Amino acid sequence: MVKKKHAVDVLEKCPTGIKGLDEITKGGLPRGRPTLICGGAGSGKTLFAMEFLMRGAMDYGEPGVFMTFEETPEDLAKNFISLGFDLHDMMSRGLIAMDHVKIERNEIEETGEYDLEGLFIRLGNAIDSIGAKRVVLDTIEALFAGLSNAAIIRAELRRLFHWLKDRGMTAIVTGESGDKMLTRYGLEEYVADCVILLDFRIDEQISTRRLRIIKYRGSSHGSDEYPFLIDESGLSILPITSLGLDYHVSSERISTGIPKLDTMLAGKGFYRGSTILVSGTAGTGKTSMSATFAEAACRRGERCLFFAFEESPSQIIRNMGSIGIDLARWVKKGLLKFHSARPSLYGLEMHLLTFHKVIEEFNPQVFIVDPISNLSAAGTASEVKSILTRLIDYLKMKKISTFLTDLTHFTGSLEHTSEEISSLIDTWLLLRDIELKGERNRGLYILKSRGMAHSNQIQEFLLTNQGIDLIDIYTGSGEVLTGSARATQEADEKASALAHRREADRRLREQERKRNALETKIAALRAEFDMETEEVDLMAEEERKKQAVLAEDRLDMDHLRKGKPSAPQALRSKKKRRGE
Amino acid sequence: MKAVSSGKRKKAKTDATEEIWNLRLYVAGQTPKSIAAFTNLKKICEEHLAGKYRIEVIDLLKNPQLAKGDQIIAIPTLVRKLPEPLKKIIGDLANTERVLVGLDIRSVSG
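So the sequences go chain by chain: A and B. When we follow my numbering, the leftmost residue of the first sequence carries the number 284, and every step to the right adds one. When we follow my numbering, the leftmost residue of the second sequence carries the number 1039, and every step to the right adds one.
The set of hints was computed from the structure by calculation and includes no laboratory data. Quantities reported herein were computed from a predicted structural model and do not represent experimental measurements. The beta carbon of each residue, even a glycine, is placed where N, CA and C say it ideally should be. Treat the hints with care, as some may be off.
Below, a sample of chain A positions facing chain B; criterion: calculated Cβ distance under 10 Å [to be verified]:
1) Y397
2) E400
3) I404
4) L426
5) A428
6) A434
7) L707
Residues of chain B placed beyond 12 Å of chain A at every Cβ, according to the derived structure [as the list claims (entries may be wrong)]:
8) H1086
9) A1088
10) L1116
Derived pair list, reagent style EDC-like, types lysine to aspartate or glutamate, alpha-carbon separation capped at 16 Å [what the hints assert, rightly or not]:
11) A:K681 - A:D716
12) B:K1119 - A:E585
13) A:K296 - A:D476
14) B:K1125 - A:E387
15) B:K1080 - B:D1108
16) A:K448 - A:D476
17) B:K1071 - A:E396
18) B:K1125 - A:E392
19) B:K1125 - A:D305
20) A:K385 - A:E353
21) B:K1125 - A:E393
22) B:K1125 - B:D1097
23) B:K1090 - B:E1057
24) A:K385 - A:E354
25) A:K498 - A:E472
26) A:K385 - B:E1094
27) B:K1100 - A:D411
28) A:K385 - A:D358
29) B:K1119 - B:D1142
30) A:K620 - A:D609
31) B:K1106 - A:D411
32) B:K1106 - A:E585
33) A:K309 - A:E535
34) B:K1119 - A:E471
35) B:K1106 - A:E471
36) B:K1125 - B:D1142
37) A:K682 - A:E643
38) A:K620 - A:D676
39) B:K1090 - B:E1122
40) A:K498 - A:D305
All chains should be modelled from the sequences, with the hints used to inform the complete structure.
Below you can see the structure in the form of structure tokens.
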């Protein structure tokens, strides 16, 4: 092999714009070189190539040529539309040039020497017509099927790839997987710089697409198998290996939506960005708790993403309406987003990918999965654990508060999650049935809550039409009572307390009455006394007046008798007159 | 596009059933293979289709956009436009036997 000496030439990369691919290739495909994409039928080779061109044209200002050897331009246009790109429009704007190379073996007779200059001319013409920077050849192997002289084809392919390099084209060449080789006709022999394998596997009737970079000369790259997703926004590949434990944590607290539960959690609720698990048997109110938490988040103006694996969004909204939680308005406001899917719809990796994708799009502060236990339908226990570990790591890194519910089964211990993820959980609430005296009631307690003092009490969990309420369980007289038993007991106690209070009241009233009586008596006596005093005064006055009158009479009598006036009496009468 | 040679028409041969063979040879510049192909084609036509053929030589270096129409990938390519159906022969046409088979000439002249 002849090595070109470009000592200072750092490999330049051409961003593909495909979600996640640029991360795992650390920048994109090698610029100005061909890359081989190989894979089986239906593994997404054409779509990969197509998106590479489209993103190049739309996002990086690099027009591209699509040379198709198999699909007709009409079919391709349809595929492009499904990715949200209007091929015809892009062609008319000179962003994409399309050439359909059709080789009909039965029309062609070969005699003597030839070369594939025609192909070069067509490609060159297409490149020049729009000033293309990117080229896709899909699938050039069709040449081998259409022409019989493999020696010529091989020589010409070698020349073609050199020619593309010389023209500085970043090219994608697709190839069908072969039995022993990567591609049926050994294209990897010519395209030595970068080889990417797409794989489409079905395990237990669930298909997963995976991508692996087999080779990337002159560049480091992720070497794992990365699952990827094809949907209406194209391909998404996510580098979803575990992210490690070096994330920052928040000490901010957020409400659970249930005031009593906040109180139980040291009065403040969950930590922001922590992982909360609610486990419980069927019908213990897990979804209702999730909805309450979601509503609390929306009330704070946060965005909440609700992954429902059991119910449709409208069903959840209806059911939560019955306990007084109006989720529809938050959906309308755009703060709450539901994502419903059956767990068995696709594989675990795909679920993880979907999680990532939707989280990236919606950017929530609160993320709810109801319930995670259903994921076990899509994979084995160890796979589920690995997926959840990666998911939780990812969510922690993004400081998203995560609320997971877990349906535990009646058999076995309740403190055993079906996915064995307890070590990943920060706050673990357990909802359980308490069966007593022919009733089943719900009880809630905190199994663990990292980094906070939390209540050790079992609370009775009530679903009312105003939402969730927690009530202290009756623990008097040495037994735990819930439901109507608690109510009866409480009523009894209330009755006897009432009787006690009544007795005390009665005594109090008696005393009051006595005091009143006493005061009345005192008042009567005082009145009597006052009256007597008045009488005495009156009598004294009258006596005095009587004396005065008597004295006057005596004077008059003196006048009448013409006796010598008594001087002092006369004086007094003069004074009296003057005073009148 | 240039018509290098139109067959010397025999004045009297205006048979209604007689068809004119419309052949198109795609080349890319004056390469030895192209020249060989043209020479070989000329010879075969003169021998088997004298007076009822027309050869168009298309140089794709000058008219690259024409390669699409006839789905040309190999050079040289000979296309039998008429009579139908369309036939293609690729290569320098050195093997006369195969050219005759490819063009289906035996049946006409024989």
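Cross-check of the supplied hints:
This hint holds: Y397 (chain A) has a C-beta 4 Å from the nearest C-beta of chain B, less than the 10 Å allowed. Proximity of E400 (chain A) to chain B holds as hinted, the smallest CB-CB distance being about 4 Å (cut-off 10 Å). This hint holds: I404 (chain A) has a C-beta 5 Å from the nearest C-beta of chain B, less than the 10 Å allowed. Given the 10 Å rule on beta carbons, the hint for L426 (chain A) holds: about 8 Å separates it from the nearest Cβ of chain B.
Look at A428 (chain A): its Cβ only gets to about 13 Å from chain B, farther than 10 Å, so that hint breaks. A cut of 10 Å between beta carbons decides the hint on A434 (chain A): the least distance to chain B is about 13 Å, and the hint is violated. Annotation: interface hint on L707 (chain A) violated; nearest CB of chain B at approximately 58 Å, more than 10 Å. Listed as outside the interface, H1086 (chain B) is consistent with that label: its C-beta sits roughly 15 Å from the nearest C-beta of chain A, beyond the 12 Å cut-off.
For A1088 (chain B), the non-interface assignment is confirmed: its Cβ lies about 21 Å from the closest Cβ of chain A, beyond the 12 Å cut-off. The Cβ of L1116 (chain B) sits about 9 Å from the closest Cβ of chain A, inside the 12 Å cut-off, so the non-interface label is violated. Restraint check for K681 (chain A) and D716 (chain A): not satisfied, since their Cα atoms lie roughly 35 Å apart, outside the 16 Å limit. Of the pairs offered as hints, the one joining K1119 (chain B) and E585 (chain A) is violated, with about 70 Å between alpha carbons and a cut-off of 16 Å exceeded.
For the hint pairing K296 (chain A) with D476 (chain A), the CA-to-CA distance comes to about 12 Å; that is within 16 Å, so the pair holds. Taking the CA atoms of K1125 (chain B) and E387 (chain A), the gap is near 10 Å; set against the 16 Å cutoff, the hint holds. Note on K1080 (chain B) and D1108 (chain B): the hinted pairing is violated, with a Cα-Cα distance of about 21 Å set against a maximum of 16 Å. Note on K448 (chain A) and D476 (chain A): the hinted pairing holds, with a Cα-Cα distance of about 11 Å set against a maximum of 16 Å.
Proximity of K1071 (chain B) to E396 (chain A) is assessed by CA-CA distance (about 7 Å); at most 16 Å being required, the pair is judged to hold. In summary, the hint linking K1125 (chain B) to E392 (chain A) is supported, as the alpha carbons are separated by about 8 Å, within the 16 Å threshold. Between the alpha carbons of K1125 (chain B) and D305 (chain A) the distance comes to roughly 46 Å, so the proposed pair goes past 16 Å and is violated. Restraint check: the Cα-Cα separation between K385 (chain A) and E353 (chain A) comes to about 7 Å, which is no more than 16 Å; the hinted pair holds.
In summary, the hint linking K1125 (chain B) to E393 (chain A) is supported, as the alpha carbons are separated by about 11 Å, within the 16 Å threshold. Only pairs whose Cα atoms come within 16 Å are accepted, and K1125 (chain B) paired with D1097 (chain B) is rejected, the gap being roughly 19 Å. Taken as a hint, the K1090 (chain B) and E1057 (chain B) pair is honoured in the structure, with Cα atoms around 7 Å apart against an allowance of 16 Å. Between the alpha carbons of K385 (chain A) and E354 (chain A) the distance comes to roughly 9 Å, so the proposed pair stays at or under 16 Å and holds.
For the hint pairing K498 (chain A) with E472 (chain A), the CA-to-CA distance comes to about 12 Å; that is within 16 Å, so the pair holds. Using a Cα cut-off of 16 Å, the hinted pair K385 (chain A) and E1094 (chain B) is violated, with the two alpha carbons roughly 22 Å apart. Proposed proximity of K1100 (chain B) and D411 (chain A) is supported: the alpha carbons are some 14 Å apart, at most 16 Å. Under the criterion of a C-alpha separation no larger than 16 Å, the hint pairing K385 (chain A) with D358 (chain A) is consistent with the structure, at around 14 Å.
Straight-line distance between C-alpha atoms of K1119 (chain B) and D1142 (chain B) comes to about 13 Å, which keeps the hinted pair within the 16 Å bound. Proximity of K620 (chain A) to D609 (chain A) is assessed by CA-CA distance (about 14 Å); at most 16 Å being required, the pair is judged to hold. Straight-line distance between C-alpha atoms of K1106 (chain B) and D411 (chain A) comes to about 15 Å, which keeps the hinted pair within the 16 Å bound. Distance restraint check for K1106 (chain B) and E585 (chain A): the Cα-Cα separation of roughly 57 Å exceeds the 16 Å cut-off, and the hinted pair is therefore not satisfied.
Proposed proximity of K309 (chain A) and E535 (chain A) is contradicted: the alpha carbons are some 35 Å apart, above 16 Å. At roughly 38 Å between alpha-carbon atoms, K1119 (chain B) and E471 (chain A) are farther apart than 16 Å, so this suggested pair is violated. The hinted pair formed by K1106 (chain B) and E471 (chain A) fails the criterion: a straight-line CA distance of about 28 Å is larger than 16 Å. Straight-line distance between C-alpha atoms of K1125 (chain B) and D1142 (chain B) comes to about 9 Å, which keeps the hinted pair within the 16 Å bound.
Only pairs whose Cα atoms come within 16 Å are accepted, and K682 (chain A) paired with E643 (chain A) is accepted, the gap being roughly 13 Å. About 22 Å separates the Cα atoms of K620 (chain A) and D676 (chain A), which puts this hinted pair outside 16 Å; it is violated. Between K1090 (chain B) and E1122 (chain B), the direct Cα distance comes to roughly 15 Å. Compliance with the 16 Å bound is thereby established for this hinted pair. A C-alpha spacing of about 15 Å is found between K498 (chain A) and D305 (chain A), which places the hinted pair at or below 16 Å, so the restraint holds.
In this structure, the hints that do not hold are numbers 5, 6, 7, 10, 11, 12, 15, 19, 22, 26, 32, 33, 34, 35, 38, in rising order.
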